[in-house]
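Number 350 in the numbering used here belongs to position 350 of the sequence shown; there are no gaps in the numbering.
Each hint should be verified, as a subset may be incorrect.
To be verified - What follows is a set of in silico ranges between Cβ atoms, one per label pair, in the way DEER data are often shown: (1) R586 x E647: 34 to 40 angstroms; (2) T404 x D349: 58 to 64 angstroms; (3) P614 x D749: 23 to 29 angstroms; (4) I306 x Q279: 48 to 54 angstroms; (5) Q49 x D517: 21 to 27 angstroms; (6) I306 x P414: 38 to 44 angstroms; (7) W13 x A127: 19 to 25 angstroms.
In case anyone wonders, no lab produced these hints; they're calculated from the structure. Ideal placement from N, C-alpha and C gives every residue a C-beta, glycine not left out.
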Amino acid sequence: MTDQQGSTNSTSWYDEALQAERDYVATLYGRLDGLRDEKQQQLTRIQAQGLQGSYQNQSERDSFANLYQDRINQLNAVDDRLVFGRLATEDNASRHIGRIGLSDDQRTRLLVDWRAPEAAPFYQATAANPRGVERRRHIMMTGRTVESFEDDVLNPGDHDQASQALLSAVSAPRTGVMGDIVATIQQEQDEIIRDEMRGVLVVQGGPGTGKTAVALHRAAYLLYTHRDRLAKNGVLLVGPSEAFMNYIDQVLPSLGETGVVMSSVGNLYPGIESIGEAQPEVAEIKGRAMMQDVVANAVSLRQRSIPETTWVHVDGIDLRVRPSQIRRAIRHARESERPHNQAREVFVDHMVRMLYDQMRDIVSPKRQDGLVNKADRSYLRQEIRQSTDVRRLLNMCWMPLSPTGLINELLSKPKYLVDAAPMLSADEIRLLLRAPGHAFTESDVPLIDEAAVAVGDLVPQAAEATQSWKQRNLDTAEAALENMHYTLEDIGVDGVVTAEMLAAAQEPETTWGSVADRARADRTWTYGHVIVDEAQELTHMQWRMLFRRSPLRSFTIVGDLAQASGTHANTDWGAVLEPFAGANWRLSELTVNYRTPERITDAAANVATRAGRPVTTPKALRQGDFPPQLIRTDAAAQDDSLLQVVETQLERIPGGLVGVIATEKDSQQLSQLLNSHYPGRVWSGTGRRRNRDIALVTAQQAKGLEYDAVVIVEPQNIVAAAGGAVGDLYVAMTRATQTLTMITTTTADQLPAGLDDI
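Take these sequences, add in the hints, and give me the full structure.
Structural data, given as C-alpha cells:
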C-alpha cells in the first residue's frame, strides 16, 4: 500500500512538473515570437523608406536592414527545441538552458544561452563535483512541445552514468543530416568547447567520439564569447568534402550562429569548385612541400630574357634592345621582392626608361654648342608604352599571369613542368601531366593559392589608387557607428556591426554583405580563428593554404591519425604542425565513443593495429546488439547477397539510413543494381540526400558521416585503391551506429589482416 501510494504521488508530481515545464516553455516561445515580430516590423519600416537621403544615410539604412534580417534568421533557426535543460542549484535558484539567451522587457533573464558561463555546470557538474547544482533536468522536446523530462540528482557517492537523454540520442535513427548535441554535451567535450582561444588546439579522437560536433559547438562558443575579437574577421570552418559540408550545414544555425564561413578544402579558393583527384598518387605529389618550390620556379620561368639583340619600332624610329638590358631589368624587378605582376611594373618602367633615353637622344640630339636640348619630350614615354612592338617584347619577357592560368599551363605543358620541377622523376612528371583546360581538382587548389601569392593582383594600380578613398570611408563609418551604438545595444547586436562593414556599404559598386559573405569572396581574407575537421587528411600544401588564412595562428584542429588515407599518412601531430606552428600547440583527447558500438570498434581497431596504424581506442558507450558480420560469397551470388543484406537492415532499423560503401570502380556497377531495386531511394554522395534511405558512397565520401547500418562491398578493394593502406577501410567500418556487414568474393588469405577474425 505504501509503495502504491508512493508510486501514485510520484506520478502526480511528474505530471505536475511536466505541465509546469510546458507552461514555462510556452512563455519562452511567446517571447521568441514577440521578438521576431518586432524585428520583422522594424525591417518592414526601414525597407519602406526607399532610396532617400545621403549615401551615408542609405548605407546606414542597409546596415540596419541586414541586422534585422540576420536577427530574424537567428530566431527562426532556434525555433525547434528551443529549450533542453534546467538547473536547480543548492541555493534554490533555477535557470533554464537553451539555444539562445532570452530576456523580458525589464531585462530579466528568462533563458540562459548554452554558451554562457552560467550554463557550464549543466555540462560539467558531476556527483563528485556538483558545482553547486542540486538537480539537472534534461527536457525532451519535439518541435515546440515538451514531451518529457529526466532529472539527474547529483548526490555525492552516486556513480556517474550515461543519461537516458544521451542514450536515446546516440541510438536514434540517422537522418543523413547531422544534428547538434547541445542538449547532450558531455564533460570532456564541454571542456574542449570552452577551452581558451589561444594558439593551436589539436583535438585527437577516435571514431564516434564527437569530434565534428565538438568543432561546430566550439565555433559557436567562440563567436559568442569573443564576439568583439571575431566580429571583424570571422571564423572559418573547413571540412573534407562538399558531402560533409552538406551534412553539417544546419548545425550552427540551430545553435544561434549564422555567420561562420564553412567550406570544404577543395572549394576554399573563391570562384573555383574543384573535383576529386582521380589518382591518389597524383594527390600525394601535389601535396608535397617541394611543390611550393615548383610553383616559384614556374613563375620565374615566365621572367625571361631574349636570345639575341632585337629591334622595336616606335613612331617611325627603330630602337635596339640587347639581352643584357633585359636581364638587368629582370634582376632589378626581382630585387624589389614584389609579387610577379607588381614586379612586372618595375620591369616595364626600367625598360621604358632605357628606351626613352635612347629615343630622346635620337629625337633631340645635342646642339652644336654641346648643350642638351631641353625641349619637353615626356610624351615619348607614352608612345613607347603604346608601341605594339614594345608591348609584344615586354609581354614575351614578362607576361602578366593569373594563378589559374599558371597552374593550368604548368600541369599541361611537358617542358614547362620539367623545367619547373627538376626534383621530380620522369614517372612523377607523367603522372602530373594532363590535357589543357582540365577541371581543377582538390589537390590543385593549394597550388593555385600558392600561385596567387607569388603572382599577386593583375592590376595593382587600381588597388593602390583606392586605398586613400577606402580610408576616408572607414573614418566616416567609425563616426556613424558611434551614432548607432545605443540602438544596436537595444536590439541585442552591439558589436556585430563593424566600421569595416559600414565602409564597404559606402562604396558605390560594393553590395553590403556580412563578414562571412565578404570573407568567402576574398582570397586574401584572414580569419580570427580557423577550425579544421578531418585534419588528418591534409597535405603540407593544404596546411600552407590554411595557415595563410590565420597569421595569428589561432586554430582548432580536429582529427584522428588512424583514419588517414594513403600510404604516406601522418602518424604524429607534431611532425604535421612543426613547419607552421613549431612547438606552439597543445593536445586534447576525446576518450568516449558515443556513436559506434564496442563490438564494431573492436573489429575495426583490430584491422588497423594489424596494419601498424596508431589507433586511439576510446571507450564505447554501448556494446551493441549486433556483432559485425563477414559474408563470403561468389561473384554469381554477390548481387543477391547485397540486396538481401540491405533489405534486412532496412527492416531491422525502421526509418534508419543504410550506407553501402565501396570503391568508386565497384560503385558504378552497384549503382545500377541498387537503383533498379530501390528506385528513388539511393543517394550517391553528391548534392542533398533528400530523405533517401540508402547511401552508396566511397570511403572518402563517408568521412565524417554516419549510418545506422553499414554494408561494405569487397573490403580488400578499398585497401587496394588506397595503395595498400587500411585507413579508408577503418573509416568505413566505423561509420556504423548499429550494424556492420561486409561482403566479399575473395578467399580469406586475400583479405586485409584482422577481417578473418570476424
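Going down the list of hints, with the structure as the test:
1. R586 x E647: 34 to 40 angstroms: Since R586 and E647 have Cβ atoms about 48 angstroms apart, the given range 34 to 40 angstroms is violated.
2. T404 x D349: 58 to 64 angstroms: violated (27 angstroms)
3. P614 x D749: 23 to 29 angstroms: Holds: the Cβ-Cβ distance is about 26 angstroms, inside 23 to 29 angstroms.
4. I306 x Q279: 48 to 54 angstroms: Violated, at about 39 angstroms.
5. Q49 x D517: 21 to 27 angstroms: Holds, at about 23 angstroms.
6. I306 x P414: 38 to 44 angstroms: With Cβ atoms ~23 angstroms apart, the hint is violated.
7. W13 x A127: 19 to 25 angstroms: Given range 19 to 25 angstroms: holds, Cβ gap about 22 angstroms.
Hints 1, 2, 4 and 6, counting from the list given before, are not met by this structure.
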